[in-house]
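Modelling step: build the complete structure from the supplied sequences, incorporating the hints.
2 protein chains.
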Amino acid sequence: MSADKPIPAKLKARQPRGFVDRGPADVAATERMLSVIRESFSVYGFDPVETPFVEYTDALGKFLPDQDRPNEGVFSFQDDDDQWLSLRYDLTAPLARYVAENFDALPKPYRSYRVGYVFRNEKPGPGRFRQFMQFDADIVGSGTVAGDAEICMLAADTMEKLGIKRGDYVVKVNNRKVLDGVMEAIGLGGEENAGRRLTVLRAIDKLDKFGPEGVRLLLGEGRKDESGDFTKGAGLHSDAIDEILGLLNAAEADDMVQDAIALFPTDYEAIQTMSGLGFVDEEFKADDSVAAAAVARSRFMINDKYRAGIQELTNISALLQAAGYGPDRIRIDPSVVRGLEYYTGPVYEVELTFPVTNEDGQVVRFGSVAGGGRYDGLVGRFRPEPVPATGFSIGVSRLFSALKAVKSPIVDSRNELPLVVVTAMDNKSPEFMPGYQAMVSALRQAKDENGRPLLRADLYLGASGFNAQMKYADRRGAVCAIIQGSSEREAGTVVIKDLILGAELAAASRDVKDSAEHKAKQAEAQFAVPVAELVEGVKRVLARHS
Amino acid sequence: MSADKPIPAKLKARQPRGFVDRGPADVAATERMLSVIRESFSVYGFDPVETPFVEYTDALGKFLPDQDRPNEGVFSFQDDDDQWLSLRYDLTAPLARYVAENFDALPKPYRSYRVGYVFRNEKPGPGRFRQFMQFDADIVGSGTVAGDAEICMLAADTMEKLGIKRGDYVVKVNNRKVLDGVMEAIGLGGEENAGRRLTVLRAIDKLDKFGPEGVRLLLGEGRKDESGDFTKGAGLHSDAIDEILGLLNAAEADDMVQDAIALFPTDYEAIQTMSGLGFVDEEFKADDSVAAAAVARSRFMINDKYRAGIQELTNISALLQAAGYGPDRIRIDPSVVRGLEYYTGPVYEVELTFPVTNEDGQVVRFGSVAGGGRYDGLVGRFRPEPVPATGFSIGVSRLFSALKAVKSPIVDSRNELPLVVVTAMDNKSPEFMPGYQAMVSALRQAKDENGRPLLRADLYLGASGFNAQMKYADRRGAVCAIIQGSSEREAGTVVIKDLILGAELAAASRDVKDSAEHKAKQAEAQFAVPVAELVEGVKRVLARHS
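Which chain is which? The protein sequence lines are A and B, in order. When we follow the numbering used here, the leftmost residue of the first sequence carries the number 1, and every step to the right adds one. When we follow the numbering used here, the leftmost residue of the second sequence carries the number 1, and every step to the right adds one.
Honestly, the hints are just simulated from the structure, not real lab data. Please note: incorrect hints may appear among the correct ones.
Which copy? The list can't say, so a pair holds if one copy fits it or any two copies do.
Unchecked claim - Computed list of lysine-lysine pairs in DSBU-like fashion (alpha-carbon distance at most 30 Å, straight line):
{"#": "1", "residue 1": "K108", "residue 2": "K12"}
{"#": "2", "residue 1": "K209", "residue 2": "K407"}
{"#": "3", "residue 1": "K108", "residue 2": "K447"}
{"#": "4", "residue 1": "K305", "residue 2": "K428"}
{"#": "5", "residue 1": "K10", "residue 2": "K521"}
{"#": "6", "residue 1": "K539", "residue 2": "K206"}
{"#": "7", "residue 1": "K123", "residue 2": "K209"}
{"#": "8", "residue 1": "K447", "residue 2": "K497"}
The structure presented is a predicted model; accordingly, all values stated were derived computationally and were not measured.
Printed below as a string of structure tokens:
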């Protein structure tokens, strides 16, 4: 570059709002978490599939046909042939496209899982990003609720494999048909009431947040929040509101169990006939599906849709019992509705029940980390035949926070290999670097008894002096540092410094420091070995801290 | 939906050009491959880091300042504040932004690795996609060529860990300063010749493709290809062309080795003084860096830049020797230049040397799967201080093809858990589903002696009859199928059908089929066990085929 050119202004290194970087501990622990989920899904017979990040906007269902442009909530751009492309906003719409495109080649029912980032062009906020990861499992081409039951069991097993104890999670199941039946009965059936039905759904979905009184307002005229903002309600009459709220109150209904069993005896009989895999639990039978019974008591039992919903829930309940999943793991809960419009049958949600302290200092349940349901219409958008489907989606970063909250071993950084830093005391003289290079290479070849790598080894490659190099080793969390100055070089030795023990000793009181024991430990914390015994010496230090 | 609404036209399920889906075998095998690379990079002290897919266009260096819009080669869209955002087109530009933004918080030198998809808004073609995966490792904040040497060793180790044998790959190293020195000497120095220097670089980069005569044309007036298209050349005089071509011809220079060692004795002496880690190989010394010597013979030795380049290569050579990496794994090759303009020092390329048959039926070397170099200017775009950096990038899908070509065990599908399909013979009657559900759940809990899952188990959830269910099991590649009809149910048993042995027996000749041995095997291929012994029975079948 010639000297008379103006120096260009420096760019500012910055990120667009709602996008974040992730550092080493998070990346490594998330990777371990994803491996556990992959294996869990795989054991259930699900196969991985991967679709690209970019799809035609119309295939995602995000094209606004009246306005000839994409929904603003998705990141979109035009291809060179002017067609609109978008970044995927979930993993379900691309799956529907994939299955439709490869319909004849896929085994059906088609069980698959997918993991990856999705994008929302929405206003970011605390814990709300414009790029976030989902992990989905779906069964496409099966209309039986046995598929929904399988997804619920898979969700429960996956939580336990990730280190979330039984009792700290619950999979809640409900059926949209139950609520649809009630809505039909109170006069909200038909295409013309689609908007009001959605308002009802969203009101019920707020039960956790606003409580029954808040939902009552949202089902009626509307609700004003603390800031004075008014949300218009569904405008239902108080009788209708009572019916819906009654439906959600599972706790009142303990004595209704026998009624439900009397109504749908078939599956309970089936359980009796099942052969002896040792799964059916006497206690479970007594406890039984309290909540299913609660919904069964409603006067809407006369309604076909409602009956179908209850029948499906009872079938799910029988399948869960057969496989040994009691209500401590999976239970029917009439308050679960899921906010999305496209669900057509069973819906489910994975809730973590252990307490955490929220941003306002209140102790609350951790809450939902995954959810899903049956969506029999989505694949059918592309196909001449109806294609039933069910599936669920894990919010990966939320689940990751949960694993950290319960201190799951999966996200423990002790799962990483220990780091050894080879310092380069004479780094001003390039002729000594090959010697340091030989040491770090020898360390990298160290293996444990199973032939697996024993450690990570780093050679200091900066230009700073020895003190800065020791700080570097600390900052990187190294277990030990390797040092060779001129005197060691001449003696054919190398010094191994145990940084963990060293830090402990440095923190000791003056009295302790004068003791003979302390001095003996100091000798352990920093010792010289012949260069040829470097790896053995490091192994001794690692063994102290494993 | 009311009956009088028109039925909407079905959407066509299709993908934008240059984007592809990936099926189960590819996804699972790629995941195993990435795990091996992760571990290999981790052992070298590299930490993972992840940056988002979306960056400010100017941070990527892809904003065209004169035209106030992004480069067409990247996918771009405007944020709601009208700033331009782009999908990342490589993993290096986001790293530069990340390091600059977090400069004070990062340990320096900063070793990191990253993996992920990148996007190019270019014309797709065979093997050229608009979304593809890269796996990068970089050392930022270190100006010593010891960093470049480390990256080369890391590349070599990674190839071997992936199952590519020594001799089937070579890491080639060169230094841009050598060529820059030559270009300066032949009058191509200075900012005003930047364009011609790039033309020279790109011409040399075509040596593999067009041979020395093709490069000669591209360095001179230009070259016409088979289709008649003319590529304008660098317009060099024939003397200058001879110098450059001489520089690339390593084979001529065997007798120049001793000259180079005489010129740069220091590092060779350092090797002599190195203590006994058992790495220095006598044979290696004799063989020595032939190619480094070849470039050293040039008359441009008088030129400072050239001398600096040779000195750096000699230092790299000494480091490689010290760590025991002979020229069978890493060697200096003056023909490597890399097409990118931003490299400032050592450049390197990982070439796979085993033969493959290309699309035209010719047997060729597999070719390059990774490459990189020193880019001391990129991070400095954001920072007041200069920030030297070096790194390389693996083309993941190309490397994946290579592993398949050499039949690496890493990509072998036998690494997957075997699949067992539980059929649902009486799937028309929902009351029998809980029994099948109990079986599949029991299978999913089967563990090997280390407590790891033993198998994958799938319950057939479709509506088809028994023959279709057996076809489903075949299509999914199941090892065995579990069958329970009414007679088995009454007897409390279940049938286990070994699909692999079954297929072998079905393929036998008529004579063989009549034999007693065949009949004995048939009994092994399909047998009944009490339901409680299902898992043990399946274990017997899996043991046959492991």
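Problem - Violating hint indices (sorted, rising) - result: 5, 6
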